[in-house]
Amino acid sequence: MKTIKMLFMGLLFGLLIGLWLGVNIGKGNPVFGNPFAEENLSKKLKEKVGSSIEQLGEDIKGKVKEKQ
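Everything in the sequence shown is counted per this note's numbering, starting at 1 for the first residue and increasing by one.
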(Lines of atoms letter the chains of each structure in order from A; the text may use other names.)
(Lines give C-alpha, C1' and ligand atoms only; values in the text may rest on other atoms or scores of the structure.)
Protein backbone atom coordinates (compact mmCIF):
# COMPACT_ATOMS: atom_id res chain seq x y z
CA MET A 1 0.00 0.00 0.00
CA LYS A 2 2.86 2.35 0.83
CA THR A 3 4.49 1.86 -2.58
CA ILE A 4 1.21 2.62 -4.40
CA LYS A 5 0.81 5.79 -2.34
CA MET A 6 4.39 6.86 -3.14
CA LEU A 7 3.89 6.11 -6.83
CA PHE A 8 0.68 8.15 -6.90
CA MET A 9 2.32 11.11 -5.14
CA GLY A 10 5.30 10.97 -7.52
CA LEU A 11 3.00 10.96 -10.54
CA LEU A 12 0.99 13.88 -9.12
CA PHE A 13 4.08 16.00 -8.42
CA GLY A 14 5.58 15.11 -11.79
CA LEU A 15 2.36 16.11 -13.55
CA LEU A 16 2.20 19.45 -11.74
CA ILE A 17 5.84 20.32 -12.41
CA GLY A 18 5.57 19.19 -16.03
CA LEU A 19 2.47 21.32 -16.52
CA TRP A 20 4.21 24.34 -14.97
CA LEU A 21 7.26 23.99 -17.21
CA GLY A 22 5.20 23.17 -20.31
CA VAL A 23 3.03 26.27 -19.98
CA ASN A 24 6.10 28.48 -19.60
CA ILE A 25 7.81 26.92 -22.61
CA GLY A 26 4.65 27.28 -24.67
CA LYS A 27 4.30 30.97 -23.80
CA GLY A 28 7.98 31.66 -24.41
CA ASN A 29 8.62 32.68 -20.82
CA PRO A 30 11.58 31.66 -18.67
CA VAL A 31 11.23 27.98 -17.73
CA PHE A 32 10.96 28.53 -13.97
CA GLY A 33 8.96 31.78 -14.24
CA ASN A 34 5.40 32.36 -13.12
CA PRO A 35 3.02 30.79 -15.66
CA PHE A 36 0.19 33.00 -14.39
CA ALA A 37 2.04 36.27 -15.03
CA GLU A 38 0.28 38.69 -17.35
CA GLU A 39 1.70 38.75 -20.85
CA ASN A 40 2.48 42.00 -22.57
CA LEU A 41 1.44 41.15 -26.11
CA SER A 42 1.88 44.65 -27.49
CA LYS A 43 5.54 44.69 -26.39
CA LYS A 44 6.22 41.29 -27.99
CA LEU A 45 4.50 42.39 -31.18
CA LYS A 46 6.52 45.62 -31.37
CA GLU A 47 9.76 43.67 -30.94
CA LYS A 48 8.89 41.22 -33.72
CA VAL A 49 7.72 43.92 -36.11
CA GLY A 50 10.75 46.07 -35.35
CA SER A 51 13.19 43.28 -36.10
CA SER A 52 11.30 42.41 -39.29
CA ILE A 53 11.47 46.01 -40.50
CA GLU A 54 15.19 46.19 -39.71
CA GLN A 55 15.82 42.99 -41.68
CA LEU A 56 13.79 44.35 -44.61
CA GLY A 57 15.84 47.55 -44.59
CA GLU A 58 19.10 45.60 -44.61
CA ASP A 59 17.86 43.46 -47.50
CA ILE A 60 16.94 46.54 -49.52
CA LYS A 61 20.32 48.16 -48.83
CA GLY A 62 22.08 44.98 -49.96
CA LYS A 63 20.16 44.89 -53.24
CA VAL A 64 20.85 48.56 -53.93
CA LYS A 65 24.59 48.06 -53.34
CA GLU A 66 24.61 45.03 -55.64
CA LYS A 67 23.11 47.05 -58.52
CA GLN A 68 25.67 49.86 -58.19
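These aren't lab readings, by the way, just hints derived from the structure by calculation. Be a bit skeptical, because a hint or two may be false.
[Said to hold, decoys possible] Computed cross-link-like contacts, DMTMM-like style, restricted to lysine to aspartate or glutamate with a CA-CA straight-line distance of at most 20 Å:
#1 K48 with D59
#2 K48 with E38
#3 K48 with E58
#4 K43 with E54
#5 K65 with E54
#6 K27 with E38
#7 K46 with E58
#8 K27 with E39
#9 K63 with E47
#10 K27 with D59
Exercise for the section: Against the structure, test the hints numbered earlier, and report the numbers of the ones violated in rising order. Expected result: 9 and 10
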